[in-house]
Each structure stands twice: as C-alpha cells, then as structure tokens.
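Residue numbers (our numbering), protein chains in the order written: chain A, 1 to 303; chain B, 1001 to 1320; chain C, 2001 to 2645.
Any given hint could turn out to be false.
The calculated label-pair distances, taken between Cβ atoms and stated as ranges, are [claimed, not checked]: (1) D101(A) <-> L1305(B): 53 to 59 Å; (2) L128(A) <-> L1018(B): 46 to 52 Å; (3) L2081(C) <-> R1185(B): 31 to 37 Å.
Hints were generated in silico from the structure; no laboratory data involved.
Please read these numbers as outputs of a predicted model, since none were measured by experiment.
From the three backbone atoms N, C-alpha and C, an ideal C-beta is built for every residue, glycine too.
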Amino acid sequence: MTPATSLVAATAREPGVLEVRDLTVRYHRGIRKPPFTALHEVSLAVGPAETVALVGESGSGKSTLGNAILGLVPAASGTIAFRGEDITCARPRRRRALTADIQAVFQDPYGSLNPVRTVGQTLAEPLLAHERREVRGAERTARVRAALEQVGLSADDAARYPGQFSGGQRQRIAIARALVPSPRLIICDEPLSALDLSVQAQILNLLRDLQGDLGVSYLFITHDLAVVPHIAHRVAVLYRGRVVETGPARQLCSAPRHPYTQALVAAAPMPDPVQQRARRRAYRAYQAADEARAPAAALSDPP
Amino acid sequence: MARPAARWAARWLASSALMLFLVTAATFVLASMAPGDAAKAILSSQSGSYTQQQYLQLRDELGLDQPLTAQYWHWLDGLLHGTLGTDLFSGQPVTAELNARLAPTLSIILGTIVVAGLAGVGLGIVSALRGGVAGRAVDAISLLGLAIPNFWLALVLIELLAVRVELFPATGYTPLGADPEGWLRGIALPVITLSAGGVAFVAKQTRDSMAEVMSREFVVMLRARGLSGRSVVLRHALRNAAIPVVTVLGLLLVSLLGGAVLIEDIFAIPGLGQLAVTAAGSHDLPVIEGVAFYFTVIVVLASLLVDLSYWLLNPRVRGS
Amino acid sequence: MTAGRGRALPGRALPGRALPGRALRQMASRPLAVASAAWLVLVVVAAAGASSLAPYGPQATDLAHVMSGPTAAHWLGTDRLGRDVLSRLMFGGQVTLLGVAEALVVFAGLGITLGLAAGFAGGWTDRLIARFGDLVLALPGIIVLLMVLAVYPGSELAAMIALGAISCPVLLRVVRGATLAIRGELYITAARLSGLTGPRIVWRHVLPRLAGPVIVQLSLFAATALLAQSALSFLGLSTPEAQGPSWGNMVGEASTVVSQDPWLLVPSGGALALTVMAFGLLGDAVRDVTAGRHLAPPVRVRPVRAPSKPMPGRPKGRAPGTAPAGGSMLSVRGLTIAFGDLVVVRDVGFDLSPGEALGIVGESGCGKSVTVRSLLGLLPGGGRVTAGSALFAGRDLAAASERDFRRVRGSMIGLVSQEPASGLDPSFRIGSQLAEVIRRHAPLSRGQARARAAELLAQVNLPPGTLARYPHELSGGMAQRVSIALALAPGPRLLIADEPTTALDVTVQAEILGLLRDLREQTGMAMILVTHDWGVLADLCDRAIVMYAGQVVEEAAVGDIYASPRHPYTEGLLAANPHRTPAGGVLPAIPGTVPPPSAWPAGCGFRPRCQYATDACAGGPVPMTAAGPGRLVRCIHADTLVARR
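So that you can see chain A by itself, here it is in the shape it has in the complex:
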C-alpha cells in the first residue's frame, strides 16, 4: 500500500475534521515556462483534537498545502473536505464563513500583525467578520480579553500595539487571534521557526494545552523533525510535492523507513557531542550508500 492509500484507509472509519485526497497544486510562471507542480496527489487526514505534523524542507510544498486548505491558492485537481463538506472550490462567501472554523498561525510574528492597529482591534476582526447578532460591543471585548488570557497574556494588553511586544508574545497574540472564532482546525505554518529556543518550548506547551482544553485540531507544518514527537500524533513527510512517508509521530521519528526521512533524521545535529559523533558516522554511511545508488541525483540542494 502506498503511504497515501494507507492513510486514507486508516481514517475511512471516522469522519475526520480535514480530509485531503489526491490534491494537486500548480503555479503558473508566465506564458513561456511550463507550470510548476508544487503538490502532486497529496493525501492527508486530520481527526478531531488531533495534531498531524507536515514535515519537509524548502521547496517541499508544505506551506502550499496549508495555503490550499485555507483557500489562498487554487487546487488543480483533487479534493479538500472539511467535516465531510467538499471545500475545494468553495465560493468566496463560503470561504469567509469557513474562517470561523479554519484558522491559521504563521511563521512571522512581526509581519502577521498590523503594526498600526492595537492588539484588541486586531483580535476583534474575526468577530467583526462573522457579525452574528449576539456578538456586539461589550461581548466582543469580553471575548478578546478571554482569548488573551487563554494564551498567557493579560487582558490589558488589548490596548497596546504589536511593536511593544517581543516575538514570543506576538506569536501568542497571533494564536489568540486564531482562537477567537472558536475554530475546529488551526493550520500552524512553522509557528516556532522565528522564535528563540527558550520561547519555542513555551509556545509548544501552550499549543498542547489549548488542544487539551478546547479540542481543536492542528495541521502543524514544520521543517524541524525534533519538535514533532512533542506535539503531533501523526506525521506526513513531504519531498518535492509528494508524500514520501506517513505514520505515528514517535515511531516515524525514531525509526524512519523512507530514505529521505532517514536522511532528514540523520542530518539534524544532536545536541550532545557523543551522540552527534555517532549520528555523523551514520549520516556519512548513508551518504555513501546514496551516492552508490544514484550518483547524479542530489537529494539536497534543489535549485
């Protein structure tokens, strides 16, 4: 069974929060060049209160997958289903309504908040958009304050501007914004990559706790395999737009089967000199084997 079909089979029993089937996304690069296939028949599923990690290096298409689910890039073929409903070609109005259920947290804590609007104004935006009659004025303020407290900030921070916060705090604000409409699924696109190590652990713990409290699912996009076992239940590894391996997080990270995943694991340096020496030897051996197999094919350094 290919990784894609095994994943689909596994989740055929329960209606997942998100189900992606054979998704293909292409970018057009102008009239003369052929379109670039960013994703090729990718399949994936996320269940309720589950975290699925999507791992890949640059050019693997992992961010493209997140963008396709969010409706930011169109799909060339395949389906994206949210709680059973096919949203691949959802009209703009449906997309806007969906933002109450599918949210996102991005990598860049500095760019994702408008610097000239207060934190409170930014957090209120998802509520403005879904102008349900009952959500007005005072209730809006209350929900904003509640969201801030949920992420470990104080309610007074609503009156401040993003420039007054550190990177880690801004990321918390971004998470609060994602929580405000009470979504079922949050796409986390490399939320830790721009943060310091000491803050990464805080945010990771925060995300886990929120999942436990609220039952929200995550699609956790990252290039760092090391954090995957700490947050994800299952993992999918992407290489150049294709899923090369999937499986339970801990298992895949400790005993990967696909050569690319093995390379990823072996290449990441271990923060321990003794273990790193061993891993280096393993990586060298792996590289030699890889050279022998296909001397011209370079697994790394895509142009």
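Got chain A sorted already, so can you dock chains B and C onto it with the hints?
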C-alpha cells in the same frame, strides 16, 4: 541570447513608434483646436486686412482646409519619405530649420546632464559616506538648488556674471565649430542655471541609493575580506547603486526639454525650445509637429540608453 | 521551573513605535516641519485674505516713489510703476496658489484612482495602466503644455490641468507600488483569513498605510507645480501681466529693471523659493515620520573610516584561579561594546588556542554576533568598543585603527556570515569576486588568480563552472560554499563563522558543517562558531561559551557543558531542547522572555527567570568563577546547585 534580444528590440521599436505616433497625433489635434490658424496669421502679418477670399485661397494653398486625418496622414507620409514638410511662414524645409537649431539645444541639454551627473554623483557619494556636517551641507545645498526657480537664477547670474562683470555673454550662442571658447562661454550660464536643480536632484538620489547599498550585508562581507574602502565603494557599491541614479538621469533629461524652452527664451539662444514657443503662437503646424517629433526622438533615444544601462548593470535583467 | 503554558511574564520593555495619532506629534517636534507648515499657512492666509489684509491695491500706483526699495510705507519696496510689492505679492499669491491647487487636484485624483485600480485589479488592467503611465511619463511635457496654451491662450486653468494630468503617473506608480506591497503583507492575508471582505480590508488596512506615501508625493508635486506655474507665467504664456500680478510675472517685471533696482528680484524670487522649500521640507518630514513607523530602526550608514578610538579601559581580569591558556591565539578580556549610550555586550572574555574550535552560543539579542564582528572592526553604524582588550597576533583588536583592521581582515581572520546569497555582490560573477580577493592578498597575475580560484572552488566541492555564474543563480548551499571559499582565499589562521547554516535546510546544513570540519582538518585553522543551535555546537566545537543578556554566563569544554551544565540558563536551555526530552511529557520551558539591553536587570541578568534565584542575586554584578578544571560560570549559587543536582 539572440531570441530574447530580438524580442526586446521588437518591443522597444513598437513602444517607441507608439509614443511618436501619440505625441504627433495629439499635437496635431491640439493645434487644430487652437483658435486661429496659420493662414490668418500670415495674412495679418503681411497686410493689416485681407478678404475672406484671400483667406480661403491661402488656406487651400496651405492644405489647411483638408480634414484632420488627411492632413495627419499627409504629414506621416512625408515623414516616411524623409521630409517633415515646409515652414508655412518662411517656406523653408522644416528639417533644415530644425537641424540648424538642434546644436544649441543639445549643447545645453547634454552639457547640463554631464555637469549635473558628475557633480551630483560626486556630491551624493561624499554625503553618503561622510555623515554629519558634510551630509547636512549637501542636504541644504540640494534643497536650495531644487527650490530656487531656474528662471530667477538665470536673471541673477546674468546680472552678476554677464552685466556687472563681463565674464560670460548675456545672450546668444556661438557654434562649436566656429569658436570653441566662445561656444563654451555661451553655454556656460545656461548650463549652470539648469544644473542647479539637476545637481540637487541627482545628488539626493545618489545619496539615498548609496546609503541603501552600503547598509547591505555584502558590503560588510567585502570589507571583511580585506578589500580597501575605496575599492569597495567605487567598484562594488557604486555599481549596485547605479540603477536608480541612471533612472533619475533619464527623468532629468525629459524635464530639461521643458527647461530648455525657458532658458533659450531668457538667454536668447536660437534653439528648438525657442522655436517651439514661436511656432505654437503662430500656428505654424509643420514646425510644431517637427519640434514635437524631434523632442520625442530625443526622449526615445535617452530611454534606450537608460534601458541599455540597466541591461549592463544588472545581471538579473540580462538573465531573463 | 514553571513548566506547562509558561505564562509570559510582563516583559513589556520594548518601546512603542510611532502610532497614527502620534504621527502629528512627531512632526511637531521637528523644527523644519513646523516652520514649513507655518510658512505655508501664512502664505495661504495672506493670499486668501489679500483684499482685506493688503495695505494697497494690486494696481495702485504711486509714481512719486518708484522702485524705492524697502521703506516704512512699503515694506518690500515698490516696482517700476510705484506699486507696492508686498500687496502685489499677496494678490499674486491668489492666482499662483490657485494654479497649484488646480494641478494638485488633477494630479491626486487621477494618480490615486488609477494607482488603486492597478494595484487591486491586477492582471491586464494593472499592466495596461502601468504601461500607459510609463508612456505618459516619457512624453515631452513641455510640448503638451505649449499646445494646450495655444488652444486656450493665457488660461492658467487649462495649463494646470494639463500639468496635473501629465504628471499623474508619478503618483500612480507610488500608489500602485505601495498597494501591491501592502497587499503582499502577511497581516493582510491574516485579515482575509479572519473573514473580512475585500473592501473592508482596503478600508481598515490598506488606505491608512497609503496616506503617508501619498502625502509625500503630493507635497513634492506641489513644489513642482509651483515652479512650473511661475515659469509659464514668467514667459507670459499663462497669467500674463495684463491679467494681474502673479509671482512668476512679477519676476518677469523685475527682470526688465534689474540694472536699476536689483532688489525687486528678491521678494518675488524669495516668495517662490521659500514656498517651494516649505513644500519640499514638509514632504520630507512626512516621509521620515511614516517610513520609520513600521520598520526596524534604519541601519545607519557606516562611514568607511574606522570608528572613533575606543575609550581606554582597564581590562577586567578573569576570576582568580584560572590561568589563561598559554600560547593562546586570541585572548579577549572584559570586552564591552555599546551603541551610543546603550551597552549591548559587557565584560566578555575568552581564549582561543591555535586550531581550536570555540562555539559562542546564545539566543537572539545576547550579543554574540556583535562580539565577533567587533573583532574585525565591522560593527554596524554607531557601535564601538568601549572597554576591554582582544589580543591577537600582537595587536589589540579592541583598540585597533582601520589600518590595523585592514591588515587583519581576510589574511588573518576570515568571516562567513549567515546570509548566503546576500553576502555576495549581486553584480559580479563568482570568478571575478574570487579573483579580486585573491589578488588583494597575493601578487598574482589574472591567469594565476583564476587558477587559484578554481582550486578554491574544488576545495569547497563546487564545480569549476561556478566561476561564471552570478550569485542569484546559486542555491543557498552553493552560495554559502562560495562565501567559505572567499573567506579561505587569503589563507587565514582563524575563521569566524557567524550562524553559517541558520538560513539553510537541514540536509544542506549537514553538508556545510561537514565541509567546515574537513577544512579545519586540512588547514588546521582555528574557528569561532556563533550559533543558537545546540546541535550545530555539538557537531563542530571543542569548547563553548554561553552568552545571555550581553554577558558570558558559562564557559567549558563541549562535552562538559552538555553532560553537566553549571549555569541555570544553560541547564534550562538544554532541558527545553526537544531532542533531549523524551516525547509525551510537557517540555520544560524557561518562563518569561529575554530582556532587551535597555532593560537588563541589576545584578544577575537571568535572575527574573531563574528558578534558583535568591535576593542575593540582585546584589550587584556577578563575577565569573571557576567551576572545575577549565570551566567558568557566572552564578553565585553554582556550587550549591551542583550539590542539589
């Protein structure tokens, strides 16, 4: 590289032709909308009064009673055969008249570009590298240069350097071939006047551009490899900062065409600008069209030079 | 240690940037902007209220006092017909400023609408509008103006409308560019994902950001329009003298009598110049105020000369009991670096033996990059070493002149930085850049340099064809190899690698790390590696120093640091590292955030976040103390903590 170059050349030809067409057609349309026409002007200048019949006859002679499109087509046809028609007043071929006046205008314009370019770039580099007092001084000089109206400056310079102290001629133009020193003296004041604003403009852009380049990481790395400050600045930074400066020089040229009109009037220089004003006033259609055509050709050539510089300076442009 | 959520402690130390309501206040604090605004208000009021405010009528002659120069009765003198200059200026201002306003309205209206349309519609509309704008901009505008004035002789309105129309592509370009840039910002995507409709996003997010650039362009154009209007009036083509005074034709009048009364040129020319300057200065002020709002503080241009000599300071000794390694290649003591008044690195000291690899590890803002860059005299603008010493090859790099640095840079100490491609000059081929560095340090001919360049490329595992490529044609890994080759070219004894793999994929990173290790083996170079990645540190380095809040908090051999960290910060960082904690449990996290240099706590820098902190920790600066053979730590509780663990 043949195919992309051929494509690029074709695109350039198309857009230049389009521009020439637009300018000349628009000029035609506007000229025809103007009250009065050449026939009236000629007759009134010859004798005080004239009959309607004389007027109509002259109109027919000059071809002014034909429909607009026919007139324009006639002019275009002439252009493709290498002629720009004849001056309605003097009867001289327009090309000859314009060519006679080309040298003075070009002398002033090119002279200004050279002076403003060299001085502006020099000042810009100096003020980019040395902050503090030198930078502020350049700022202040730039501001003055841009703010002082050039016609006002011309008057002051004439009064000071041509009337009180007879260093330069107040009016007139000496051709280069006849008397090089006289030529230089003749264009000195006009060039200085026009350069005042030009230098400021170029210096400001050079400074901004250099400052931006010098703050880039690769400049730090160049110095880290032991390269001398001078080589870093002159060879590397300047090369990377050049493109916006070249753009600005191109814009300067276009604006100088307007400045030429002003300056030729004040200094009584027999150039294209002066001709443009008189022809517009007297509805001498072929001459107006001719001047419009020449000016547009100058602009087209200038933008060609600018594009070529982009191509030379920026490897990314070359690659695509 | 507070695990779990890790509440963000109130570390609101970052200063707030300029905010919309505060923009005006910022402008008000700039004297030039205030003066310009005041002048413009004065001019507008004087012109608008001329009929009631002017002392004389515009045509009221006083033939007894012709060309009088400034007197009590006529503050700015009289012209050749005895008319009061001041009054004529005021009345003339009406026509002049009206003309500017007319042009401005057309300019703004066309420019903004077309620019917004192009920026939002995209596709064909955008391309069409952009091409059209470029075409109009290239037209010789003077022809258009002359023709329009031929159609409507003497009409300022027609000329100004035409001027606004042919200049609008300038504003169009700016609006279009700004719109496209803003639309690409991440928070616009975030707003879309919050469910806001397009028009709402434009209203809330795009238009406010456009205000700044648009105002700048409007004021610059006002200056241009004023000059153009007065020039046309001077030539008599619009608003000739017969129609009444305007600033332009007043200059024209003055020119006819300049030999008799040169003063007359001054009021009219002065009014013009001052008003143009006011527009220009106002535009600059708005640009400075709005540009600084959203970006990091601009990197000040560093003068190419060396910074001012550092203040002499007595080198702070290391803790007694630790002898500096004899024969060390680089010996740093008490290094302190400040930007202006703000100290960012304090009392840093370490030794480097020949051939050794030293890692400097810490999080962002701890001062590690600044420390190593100071060794080469490459601090960004405004930074200087204020105390300490850095002895290398018989020189003190902390007190070196630019000339000294130039002798050291490249030939003795090489630098590789974080940015692969942007560390290379984008305008030159790789071969040319390599040859330049080679020939700078060795008297080789072109051919020899080229051969040596090819050798260097081979040393970093790049094919010789790379010589002919440009930096933008290389991948990240290849560009970083080129950077390493450039650093090796002069054959330095010490290589400083400042986060060399941070911007690279993990598989590419492994290759670069392997390359660096191989090169060290081949050449015996010493290396200082700056990194935030503890895995990279473990892979490459023999010894390590940990930095926090501008100080070294621990120094030890790499094996010791990982096996038994002595400083609470080191311990916390290693515990929070996902590689080292088995999955399933909560990741032990250090609470709080890293303090910026402006908010360093008194006493121990780590105290607010430390689970072992006591009151004694806030007492005063904590010295480095010995914690075993070849180990140093900056913690007063280090010994007791060892016992506890």
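Each hint tested on the structure:
The supplied range of 53 to 59 Å is met by D101(A) and L1305(B), whose beta-carbon atoms lie about 58 Å from each other. Taken as a hint, the range 46 to 52 Å holds for the pair L128(A) and L1018(B), whose Cβ atoms sit roughly 47 Å apart. At roughly 36 Å, the beta-carbon separation of L2081(C) and R1185(B) lies within the given 31 to 37 Å, and the hint holds.
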